[in-house]
Structure formats: structure tokens, C-alpha cells
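Protein chains in written order, with my numbering: chain W, 126 to 427; chain V, 19 to 365.
Hints in this document: simulated from the structure, not taken from any laboratory.
Treat the hints with care, as some may be off.
Unchecked claim - Here are the computed lysine-lysine pairs in the PhoX-like style, where the Cα-Cα straight-line distance is at most 25 Å:
no.	chain 1	residue 1	chain 2	residue 2
1	V	K234	W	K348
2	W	K322	W	K303
3	W	K367	W	K319
4	V	K279	W	K382
5	W	K366	W	K394
6	W	K419	W	K306
Claimed, not checked - A few chain W residues facing chain V, derived, Cβ under 8 Å:
no.	residue
7	D186
8	D207
9	P214
10	Q309
11	P352
12	P355
13	T383
All figures in this text were calculated on a predicted structure; none of them were measured in a lab.
We put the CB at the ideal spot given by N, CA and C, even for glycine.
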Amino acid sequence: MPLRSIFVILVTLVGLAGTARADLRVVTTTPDLAAIAQAVGAGHVQVTALALSTQDPHFVDARPNLALELAKADLLVLVGLDLEVGWLPTLQTASRNADIQRGGKGYLDASGLVPLLDVASGKVDRAQGDIHPGGNPHYLYDPRRAAKVASGIARRMAELDPANGQAYLAGAKGFSEKLQKWQQHWEAELQRLKGRKVIAYHQSLTYLADWLGFEVVIHLEPKPGIPPNPGHVARVIELAKKNGVKLMVQESYYPVKTSELVVQKVGAKLAVLPGGTNFQGGESYLGFVDQCVKRLSAATQP
Amino acid sequence: MNPDIAVILDTALAYFSEDENLQTGGHDPKATGFNLQQLELALGAAVDPYFRFDGNLVFSQFGVELEEAYGTTLGLPARLQARFGQFLHRFGRINSTHLHAWNFVDQPFALGRVFGGEGGRGLGVELSWLAPLPWYAEVVGTAMLAYGVGSARSFYGDADLPVDGPADLLYVTALEQFFPLNDDWSCLWGLSAALGPNATGRDNRTDVYGTDLYLKYRPVTRESQQAVAWQTEVFYRRRQIPDQLLEDVSLYSELTVQLTKRWAVAGRYEFGSPAVGLGGEKGLDPLDPEWVAERQRVALNATFWPSEFSRLRLQGSYDAPGWLDRGVWATFLAVELVAGAHGAHTF
Numbered sequence: 126m127p128l129r130s131i132f133v134i135l136v137t138l139v140g141l142a143g144t145a146r147a148d149l150r151v152v153t154t155t156p157d158l159a160a161i162a163q164a165v166g167a168g169h170v171q172v173t174a175l176a177l178s179t180q181d182p183h184f185v186d187a188r189p190n191l192a193l194e195l196a197k198a199d200l201l202v203l204v205g206l207d208l209e210v211g212w213l214p215t216l217q218t219a220s221r222n223a224d225i226q227r228g229g230k231g232y233l234d235a236s237g238l239v240p241l242l243d244v245a246s247g248k249v250d251r252a253q254g255d256i257h258p259g260g261n262p263h264y265l266y267d268p269r270r271a272a273k274v275a276s277g278i279a280r281r282m283a284e285l286d287p288a289n290g291q292a293y294l295a296g297a298k299g300f301s302e303k304l305q306k307w308q309q310h311w312e313a314e315l316q317r318l319k320g321r322k323v324i325a326y327h328q329s330l331t332y333l334a335d336w337l338g339f340e341v342v343i344h345l346e347p348k349p350g351i352p353p354n355p356g357h358v359a360r361v362i363e364l365a366k367k368n369g370v371k372l373m374v375q376e377s378y379y380p381v382k383t384s385e386l387v388v389q390k391v392g393a394k395l396a397v398l399p400g401g402t403n404f405q406g407g408e409s410y411l412g413f414v415d416q417c418v419k420r421l422s423a424a425t426q427p
Numbered sequence: 019m020n021p022d023i024a025v026i027l028d029t030a031l032a033y034f035s036e037d038e039n040l041q042t043g044g045h046d047p048k049a050t051g052f053n054l055q056q057l058e059l060a061l062g063a064a065v066d067p068y069f070r071f072d073g074n075l076v077f078s079q080f081g082v083e084l085e086e087a088y089g090t091t092l093g094l095p096a097r098l099q100a101r102f103g104q105f106l107h108r109f110g111r112i113n114s115t116h117l118h119a120w121n122f123v124d125q126p127f128a129l130g131r132v133f134g135g136e137g138g139r140g141l142g143v144e145l146s147w148l149a150p151l152p153w154y155a156e157v158v159g160t161a162m163l164a165y166g167v168g169s170a171r172s173f174y175g176d177a178d179l180p181v182d183g184p185a186d187l188l189y190v191t192a193l194e195q196f197f198p199l200n201d202d203w204s205c206l207w208g209l210s211a212a213l214g215p216n217a218t219g220r221d222n223r224t225d226v227y228g229t230d231l232y233l234k235y236r237p238v239t240r241e242s243q244q245a246v247a248w249q250t251e252v253f254y255r256r257r258q259i260p261d262q263l264l265e266d267v268s269l270y271s272e273l274t275v276q277l278t279k280r281w282a283v284a285g286r287y288e289f290g291s292p293a294v295g296l297g298g299e300k301g302l303d304p305l306d307p308e309w310v311a312e313r314q315r316v317a318l319n320a321t322f323w324p325s326e327f328s329r330l331r332l333q334g335s336y337d338a339p340g341w342l343d344r345g346v347w348a349t350f351l352a353v354e355l356v357a358g359a360h361g362a363h364t365f
């Protein structure tokens, strides 16, 4: 074959390699982020979540096989605000993947994409419990914030994979539109939650309360990350009775025994929300929020 | 842009039934009464996109020592990673971990016997490779100085010998494999070797081979705060000394049961054979001449965590060295406090 033809073929192949690529490999810390990345990815991404929806995301075991996923990742998306500080850094270092180290082109802290609540002010220390000084990390309970996260993920995907950039941006737009449609339905369903006083297990319902308009009057944990003790449980019961609380809400990865005792004493109902999207089971982020709404609705039926 | 800084205090109230005990760990409780095991100052930071730095100083009532200070590469090609500086080498499982990560108040005597009270560590360089296999398999190779009475006692120890060539260095190699049996069950299996010179004579060498197994059950597919973990390590050591080739075996095996988020119980069994010649004849062990019979120790403890950052541990043990008429009973009440940056836990 003439040398010129070989040269043309080689240049064409190199050119094609620069534009077409295998699926973008996205690894997220939580399954909620994975579901959002999948929705945005428009079929051009392979998404893996490091944690299951049944796991408390503060305390995931840094199993070495998770480093293998990170080694192959083009993009790591995390919740941030120290939610994953107890396990993710070990895996990042073990992955040997420069792109997904903090500050790398494939590192995306989603907390930078949303307006935050519970940002600590003044002197902060652990006498206040295991707090997140930069803000409350449980923002994915709020679909409005999830839409902003989707846009941010799409923009980063478009930077990493320009050939499919328009598809990612369109994916985020479609996701956001679908969320807005469902949001109206959910807000109508939970109109009766507005102004209601609620007990929460952990300080994780701030954004859900911001969206749906209810008020968390007390937490079953005496301080964030500190399990309930009898003295504090008695205070919770007393305060709940005084405020006419009829609803307690917690995630499925917390124990229910103490919560069931409290609602029984107070005459309230307990809504156990899924800990996150069942991404491994094929659930979408919309499906997760819909589940949360259904469970809250069932627990607040007159 | 300050580094992450944490301070970890370990103290213990101890009781020993005998005036002399055989604790091997440099930071074990050593005497009846109040013991300051250590105050660790841990520092860590990403230096730039290419390296991170980690280090820790350990303070005791007798002074301060540099335990580790090393750099780690973040993005070498071909899944390689290098560490350089002073560090605990990766022989086995427990050697590269710190006191505050242990399931027991004191060091397993296997570790102290083979490497020393500080664990195996030294100044050197390590290269590791994450194999491109469907399961986690990591190969580690290390070259470091073979000195340290508390960190390389089976090698040059406290001998003042020069480094004339590669044969004067300690080489540690390890293969670590992880098998996620399913979401709830995990298995980590390692093979290790530490090969280097010892100070008993020209060209005399020590070889240490080990295997470690870690099996953990932690249900994550449903709500549970319980977990069970079993960890076992075996150390086989062979030493050339003048006129003899010695061999001995040391091991520990521990079972930890996390009952609730705040409570755990654990049990540990330890064994050490006497050093004997390859034909089974009595060994003239220069490091532990009194160790002429089997030694066994059992320990039980209960741990309570008021929070993730504080820990109380009550431990009892019975140490039965075969060369003593009486064993040693010991009881510890240990308290640990952690302040500062939240460290990332290894598996």
C-alpha cells in the first residue's frame, strides 16, 4: 500500500479517536448521584455508585474493590461537605487515578452546585457533635437542588466528552423538566405537611423541610452522629407532646426500635424513608423521591 | 492550604499480676498504674497534583519520635504508585496500621518479636502496582534500611553497620488480594516476605514469610449496625546465626463482634514457638535467649464508643510463656480521644 495512503488512514484513525470515545465512565459516591448522572448521560455513560442506598453514606467500608472502579473512572462525583471524608480519600489515593484527585479534571464536588443550608457560623467544634461545618450534605432530598446538580454534572461531562456534550446538556434539561412536572404533583400531594411539626432521627431533613414547608422541632440524636440516650429520648417525647407532633421521619439505615417507642408514646406515625435511590435495582431519582413522597403521604393521612 | 492535622491520645490504667511482664509493643501499657501509651500528631495534605504528604509524630513521656514521614505519588502511569521516606512497611495486615486502629490495647507479640516494638518500618522506597485484573490484586515491593532496634530487630537492629551495597538493605514484598464475596461479605488475603541481613555475622540473613487473612461480615443490604470480623496472621521466620539456622513461627488470630454502633467485643489468641534449628534441635536465639518453649496468650475485651471520636476499652489477658513458672494476668482500661481532622479509615 502506498505510504501516503497509510499516512491518510493513520491520521483519520487518530482524528476519530480524538472525537469518538468509549462511554464516559462515571463513578459517584452515593446512588442518588448515580441515578442523576445516568439520567443526564443520555446513553453515553457507564455509571457506578460506590455506596448502596441501604448504607449510611457517612460510614461506608472502603473495600479495596471500590478503588478498582475509581482507577477506571473519567469522572468522580461526590456529595462533599465531609459526608464521605471517612472513607473516600483512602480509595482515591489507592486508585492511582490523577484525574479524580481533588482539583483534577475528573473530580466534581456536587455541593458546589447548590445553595446550602445549615452552614456553621462562629466557633465550631465537635462538642456540637459530628457536624458538617460547610453545610448540610443531605441536599438531594430536594428535587430543585437535584436539578441544579444535574446541570452541573452535564456541564462537566460535556467538558470531558465534547463530542456528546449537546446530548448531556439536553439530558440535564429533560431531567429538569420531568422533575418540575412531578414536583407539582408531589407538592400537591404533601400540601398538608406545610407548617407541620416533625421529629427527625438525624439532622438530614433540612432540605426536605425547606422544600415541603414542615418544621423539624427536635432530633432523636442528641447531637449529630451521637446515638439516642434515655435522657434525651424522654426530652423528645415531652417536647413532641407539648408541640402536638404527629409525625416522625427517619432513613431506613437507622434503627427503628427507639423511633417506634417515641411515636407510640407520642401518638404519632413513623415514616421510614429509603436511604437513597435504589440505583443498583434500576430505580431512577424520580422513583426515589416518589417513594419518599408516598411514605410521607401514608404517614400523614388524616 | 494548611495540612489536615489530628491529635490522638491513648492512655491506659493497667494492672499486671507479676512485676515483670512480657509486653512487646513500644506503646503498650508496661506497668501497673497509669500509662501514657502515646500522643500521635498526624499530618497529611495533597502537596500538588502529583504527590501527597503524610506524617506522624509520636509523643511519650520519654520523648518524641518520628514514626512516619513520607510522600505518595498520585498519578503514575500503568497503575503504579510509589512511597518514599520513612514508613511502616506493608508486611501483612497489622504492621502498617497505627495503635488507634487496632482492635486491642496492645501489640500482638508476633509483631514485636519479629519486627520490634514500633512495628516494621524504615527509611526507604516502595513501589506498588494495582494489577489490571477483575478483582483487587496489589503487588508491593519495598527497599529500606535494615536498622532499628524497635523496627527491624530481626535484621540489623541496633547494629552500627554501614550500607555497602544492596545486600545491606531490607526488602519487603507483598501480594494483597481482595474478594468481595457479596455486598455483605468481604475477604482480604495476603502473602508477604521480608528479606534482609542480620547482625549476627557477615552475610548472615533473615527471611520472614507471612500470610494474612481478613474475613468480614457486615450486612449493608439491610438496616444493621452489627458486623463480625476475623483476622489472622502467621509469621514464619528463618535466621542464619553463627553455626545454626533457626526457625520459629508466631501468629495471632482475633475475632471482633460489633454488637451495636457503640459496643463491640473481641477475643484474641496468640502463639509463638521457640526458635529451633532446622533439625529441631534447641536454638541459641540471640534476640530472645529466654524463649525456649511455646508461648501463648489470650485476651478478651469490650469496647464502648461514646462517639466516633472517643473510645473506652476494657481488656483482660493471660500470658503463658512456657519458660516461666507462672503466667501473667493483665487488665487494661484504655481511653482514646481523637481531635482535629477526620481521618479516612482503611479497610
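Right, here's what the structure says about each hint:
Between the alpha carbons of K234/V and K348/W the distance comes to roughly 30 Å, so the proposed pair goes past 25 Å and is violated. At most 25 Å may separate the alpha-carbon atoms for a hinted pair to count; K322/W and K303/W exceed this at roughly 30 Å. Between K367/W and K319/W the alpha-carbon distance is near 19 Å, which keeps this suggested pair within the 25 Å criterion. Between K279/V and K382/W the alpha-carbon distance is near 14 Å, which keeps this suggested pair within the 25 Å criterion.
Proximity of K366/W to K394/W is assessed by CA-CA distance (about 13 Å); at most 25 Å being required, the pair is judged to hold. Only pairs whose Cα atoms come within 25 Å are accepted, and K419/W paired with K306/W is accepted, the gap being roughly 16 Å. For the restraint placing D186/W at the interface with chain V, the shortest Cβ-Cβ distance is roughly 6 Å, inside the 8 Å limit, so the hint holds. For D207/W, the interface hint holds, the least distance from its beta-carbon to any beta-carbon of chain V being 7 Å, beneath 8 Å.
A least Cβ separation of about 4 Å between P214/W and chain V falls short of the 8 Å threshold, and the interface hint therefore holds. Contact between Q309/W and chain V, as hinted, is not supported at the beta carbon level, the nearest pair being about 33 Å apart and thus beyond 8 Å. Because the closest C-beta pair between P352/W and chain V is about 6 Å apart, less than 8 Å, the hint holds. Using the Cβ-Cβ criterion of 8 Å, the hint placing P355/W at the interface with chain V is not satisfied: the shortest such distance is roughly 14 Å.
Contact between T383/W and chain V, as hinted, is not supported at the beta carbon level, the nearest pair being about 12 Å apart and thus beyond 8 Å.
Going down the numbered hints, you'll see the structure goes against 1, 2, 10, 12, 13, while the others check out.
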